[in-house]
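K.L.:
Sequence:
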Amino acid sequence: MITIILIAITTAVSIWCFSSRSAFRTFWFNAQEVWYLKKWWQIITHGFVHGSWGHLLFNMLALFCFGRVVEEYFVAVWGSPIGQILYVVLYLTATAVSSVWDLFKYRDDWQYSAVGASGAVSAILFASILFEPKMGIYIYLIPIPIPGYIFAPLYLLYCWWMARRNADNIGHTAHFWGAVYGVLFPLALRPDLFSFFLRQIGG
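Quick note: the sequence shown uses this note's numbering, first residue 367, plus one each step.
To be clear, the hints were calculated from the coordinates, so they are not data collected in a lab.
The beta carbon of each residue, even a glycine, is placed where N, CA and C say it ideally should be.
A few of these clues could be false.
[Claimed, not checked] Estimated spans, in silico, between C-beta atoms of each pair:
(1) 407 / 477: 17 to 23 Å
(2) 567 / 473: 38 to 44 Å
(3) 418 / 477: 34 to 40 Å
(4) 419 / 526: 15 to 21 Å
(5) 382 / 565: 41 to 47 Å
(6) 532 / 371: 17 to 23 Å
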């Protein structure tokens with residue numbers, strides 16, 4: 367249910383910003399504005415804004431697929447409503463944490479801005495892998511699912527490599543740190559989840 371609410375809010379805000387440039391610039395993440403003008407809300411609000419319909423649909427589809435898994439596990443581990451609250455905290459803080467690297471790197475570059483829920487969605491994806499490491503994940507048009515525990519290191523290597531190349535307009539650094547945070551957040555709350563992860567791989 368919380369996943370659906372997050373999707374609904376993100377979709378509504380994104381559609382609003384498609385037609386309102388002022389709203390778009392209010393909610394986006396601009397490193398210089400955050401650092402020097404103290405627009406700290408942007409490290410959260412940019413996750414509810416997207417640059418195009420394709421960008422929005424891809425992120426929300428991924429959130430729908432993996433978010434429900436994580437939400438169910440959070441409720442199973444921590445109960446209700448604490449599980450739902452922690453799930454929302456993970457999502458929102460992942461949006462912020464995934465932007466910290468770029469905040470420091472681009473704080474003097476007025477041209478750098480970013481939008482999208484990709485950092486938070488990466489966190490949700492990796493949290494789902496922590497809970498279900500053998501879950502099959504499809505990559506683009508490859509018809510064979512890759513187990514999550516194999517996909518995870520490949521994804522991190524890809525994000526690191528693409529971030530170093532800096533050859534496109536995609537926030538690979540945000541994807542990387544969001545993914546890492548998606549594992550660290552639940553482990554910080556329940557370190558024994560790592561044993562659960564290892565048992566699932568071994569079993």
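K.L.:
Give a verdict on every hint.
P.N.:
We went through each hint and held it up to the structure:
Checked against the hint of 17 to 23 Å, the C-beta distance between residue 407 and residue 477 comes to roughly 21 Å, which is consistent with it. Between residue 567 and residue 473, the C-beta spacing of about 40 Å keeps the proposed range 38 to 44 Å intact. Remark: the range hint 34 to 40 Å for residue 418 to residue 477 is contradicted by a beta-carbon distance near 19 Å. A hinted range of 15 to 21 Å for the beta carbons of residue 419 and residue 526 is inconsistent with their spacing of about 29 Å.
Between residue 382 and residue 565 the CB atoms are about 45 Å apart, so this pair conforms to the stated range of 41 to 47 Å. The beta-carbon spacing between residue 532 and residue 371, approximately 35 Å, falls outside the hinted interval of 17 to 23 Å.
The structure does not agree with the numbered hints 3, 4, 6 stated previously, though it agrees with the rest.
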